[in-house]
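Undergrad: One letter stands for each residue in the lines below.
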Amino acid sequence: MAGAPAAAPVSLRATGRVARRQAISRASRYVLLAATMVGVGVLAFLAYDVIRTGGSRLSLDFFTSYPSRRATSAGLRSSLIGTAWVMATTIVLAIPLAIGTAIFLEEFAPRGKVTAIVRLNVANLAGVPSIIYGILGLAVFVRGIELGGVQLLPKLGPSILAGSLTLALMILPMTVIASVEAIRQVPPSIRDGSLALGASRWQTVWYHTLPGAIPGIMTGTILAVARAAGETAALIMIGAFAFIAFDNKSLNDSFTVVPVQIYNWTTLPQEAFRVNAAAAIIVLMVSVIGLNLIAVFIRERFSRR
Amino acid sequence: MQIRAMRRGKWALALLATVSLASFAATACGGDDDDASETPAASAAAGSPTAKSGIDYAKLSGELRVDGSSTVFPISQAVAEDFSKVAKNVRANVALSGTGGGFEKFCRKEIQVSDASRPINQKEKDACAAAGVTDVIELQVAIDALTVVVNPANTWAKCMTTAQLQQAFKKDGATKWSDINPGWPAENIKFYFPGADSGTFDYFKEAIKLRGEASKEPPHRSDGTASEDDNVLVKGIEGDKNAIGYFGFAYYEEAGKKLKAVEVDGGAGCVAPSFDAALKGTYKPLSRPLFIYTTGTFLKEKREVAGFVSFYLENTVKLAKEVGYVSLPADVLKQQQEKIKPFLPQ
Numbered sequence: 013m014a015g016a017p018a019a020a021p022v023s024l025r026a027t028g029r030v031a032r033r034q035a036i037s038r039a040s041r042y043v044l045l046a047a048t049m050v051g052v053g054v055l056a057f058l059a060y061d062v063i064r065t066g067g068s069r070l071s072l073d074f075f076t077s078y079p080s081r082r083a084t085s086a087g088l089r090s091s092l093i094g095t096a097w098v099m100a101t102t103i104v105l106a107i108p109l110a111i112g113t114a115i116f117l118e119e120f121a122p123r124g125k126v127t128a129i130v131r132l133n134v135a136n137l138a139g140v141p142s143i144i145y146g147i148l149g150l151a152v153f154v155r156g157i158e159l160g161g162v163q164l165l166p167k168l169g170p171s172i173l174a175g176s177l178t179l180a181l182m183i184l185p186m187t188v189i190a191s192v193e194a195i196r197q198v199p200p201s202i203r204d205g206s207l208a209l210g211a212s213r214w215q216t217v218w219y220h221t222l223p224g225a226i227p228g229i230m231t232g233t234i235l236a237v238a239r240a241a242g243e244t245a246a247l248i249m250i251g252a253f254a255f256i257a258f259d260n261k262s263l264n265d266s267f268t269v270v271p272v273q274i275y276n277w278t279t280l281p282q283e284a285f286r287v288n289a290a291a292a293i294i295v296l297m298v299s300v301i302g303l304n305l306i307a308v309f310i311r312e313r314f315s316r317r
Numbered sequence: 030m031q032i033r034a035m036r037r038g039k040w041a042l043a044l045l046a047t048v049s050l051a052s053f054a055a056t057a058c059g060g061d062d063d064d065a066s067e068t069p070a071a072s073a074a075a076g077s078p079t080a081k082s083g084i085d086y087a088k089l090s091g092e093l094r095v096d097g098s099s100t101v102f103p104i105s106q107a108v109a110e111d112f113s114k115v116a117k118n119v120r121a122n123v124a125l126s127g128t129g130g131g132f133e134k135f136c137r138k139e140i141q142v143s144d145a146s147r148p149i150n151q152k153e154k155d156a157c158a159a160a161g162v163t164d165v166i167e168l169q170v171a172i173d174a175l176t177v178v179v180n181p182a183n184t185w186a187k188c189m190t191t192a193q194l195q196q197a198f199k200k201d202g203a204t205k206w207s208d209i210n211p212g213w214p215a216e217n218i219k220f221y222f223p224g225a226d227s228g229t230f231d232y233f234k235e236a237i238k239l240r241g242e243a244s245k246e247p248p249h250r251s252d253g254t255a256s257e258d259d260n261v262l263v264k265g266i267e268g269d270k271n272a273i274g275y276f277g278f279a280y281y282e283e284a285g286k287k288l289k290a291v292e293v294d295g296g297a298g299c300v301a302p303s304f305d306a307a308l309k310g311t312y313k314p315l316s317r318p319l320f321i322y323t324t325g326t327f328l329k330e331k332r333e334v335a336g337f338v339s340f341y342l343e344n345t346v347k348l349a350k351e352v353g354y355v356s357l358p359a360d361v362l363k364q365q366q367e368k369i370k371p372f373l374p375q
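Residue numbers (this note's numbering), protein chains in the order written: chain A, 13 to 317; chain B, 30 to 375.
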């Protein structure tokens, strides 16, 4: 009983299975780091490549001139204005609808089969390729719906409004899912407390659930909007123009957006247009990063309170 | 705690209110504009005085939409760019949804000018007629030399006959170079061609007789890299010794030494693609006309369309060359101008 094993020096080194577990744990760290670096590395390389190619083209002229057949005098003016119009309208159209849908699904809808099916479909819609929304937008918004001589939906033509409606539909499922998740994160005790004190369901939603969910909703929304800002296929489908030489002043105007301009420049034979495309990609990248920063800011601001 | 909750509530309220208010305003505003959109164009068309050149561009106003072939796009863009400098009140917008896509919109009267890298086909004519568009006017604006290209490391394919091109690009056709010519290497060929919606693809099928069974010809092969973006084809052929493909001359010219053009023998000996050969008409059968389409009704009723189209013909010789195409010979240009004359103000 005198602790005979004490004679042997105590080794802190694990042996056998413990050692193996620890080795795996150490290794996993590096594997995961490598996984992260693949994405970051590729992005960094792309950013470097684009900046190297297009950086020199970024000047005031590039922002203030209209598209042109001469690469060096072509600019983003009409597409930047178009993007601003389309994005603003898309946000205005999509957000109330998405938040409304999410509140209904989470707070009001009966938990039954129908609701489950609706949820499932919303999730599925988030994975539909954007070109499909483009085809839908062309048929429904651009050409309108006429049934038996009655115009059910007006013909909007290839206008900013038609483009925004299409993009709003496209980002709706993503925004609904983000909003539903955000509303679900609000602890049930807050709802219970509010209801127990006699607040109505709507008061509970308006004064307690929604404010708590705003950061999450905003993050999801702005990520969706960033996707819409980079959308090309759907807008080409509905008829966004590549050459526009006026400033948009109404929702009924024809339009172009930055991604369509980039697409157009990359398809032209002259190398100089690819420099323009790279420069336009920098502009788009910076704007999307800007949008994401706004999302972070809003989230921070609301969650601190 | 309560105050905080209230504050938050107000935030949310303010946000939601702004957003929904704006959304109502937006929809209402859009509706109004929609009703009004036709009027200014129509009134301007009626009251536009004419100058000695036929049309006073500065007095035109309205909006016109050009869409169609991405091959013709650079010319149309150049014309629209210069036109909007002389006709400051006209919005000339140009899109590039492909020759087929352009005709579809054209027949629905959604656009007034359609760019095309091949002539309108019977099916499209029928669709137009069904929609009441019958007075279609075809105007040639430039010439392109469709260029068959291979990698510079390809030392064997210097010249190909149209029969050899057919053998190469037909469905279940050649897979190795030696299938085309026994003297060529027994290596697998990689094919690059434009996507099915492009007029370039259609024109090649027509010229090389690959229109498919309905025309008693073999169909074009579909195993290979097809892209609507010609630069994808350029890059692909640049990087592959056994590649062959075809696209517009401007892309070949721009790629320079990175690609090699194959001479084409259309029955009268090998001819290399060039501006000269396309202009003289010796580069057969792959030199192709590029078109714009409009209708007599548009020319008569919409002065801005008449202005744009006549401006197009006045300037296409200079502009087509500038963007990499072969300009029309004077006599062909004259023929085009004669076609629209009856519809212009005298």
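Please note that a few of the clues may not be correct.
Stated by the list, open to error - Some chain B residues near chain A, calculated using beta-carbon distances under 10 Å: (1) PHE102; (2) PRO103; (3) LYS114; (4) ARG120; (5) GLU139; (6) ILE140; (7) TYR281; (8) LEU348; (9) GLN366; (10) ILE369; (11) LYS370; (12) PRO371; (13) PHE372.
To be verified - Simulated restraints, written as ranges between beta carbons of each label pair: (14) A:SER71 - B:LYS114: 18 to 26 Å; (15) B:LYS152 - A:PHE309: 20 to 28 Å; (16) B:GLY296 - A:VAL162: 58 to 66 Å; (17) B:GLY212 - A:ARG239: 49 to 57 Å; (18) A:PHE309 - B:LYS200: 34 to 42 Å; (19) A:LEU58 - B:GLY212: 20 to 28 Å; (20) A:SER71 - B:CYS188: 44 to 52 Å; (21) A:VAL308 - B:GLU242: 55 to 63 Å.
None of these hints come from the bench; they were simulated from the model.
Please read these numbers as outputs of a predicted model, since none were measured by experiment.
Where a beta carbon is used, it is the ideal one built from N, C-alpha and C, also for glycine.
Undergrad: Which of the numbered hints are not met once you compare them with the structure shown?
TA: Hint check: 9, 10, 11, 12, 13, 15, 18 and 19 fail, others pass.
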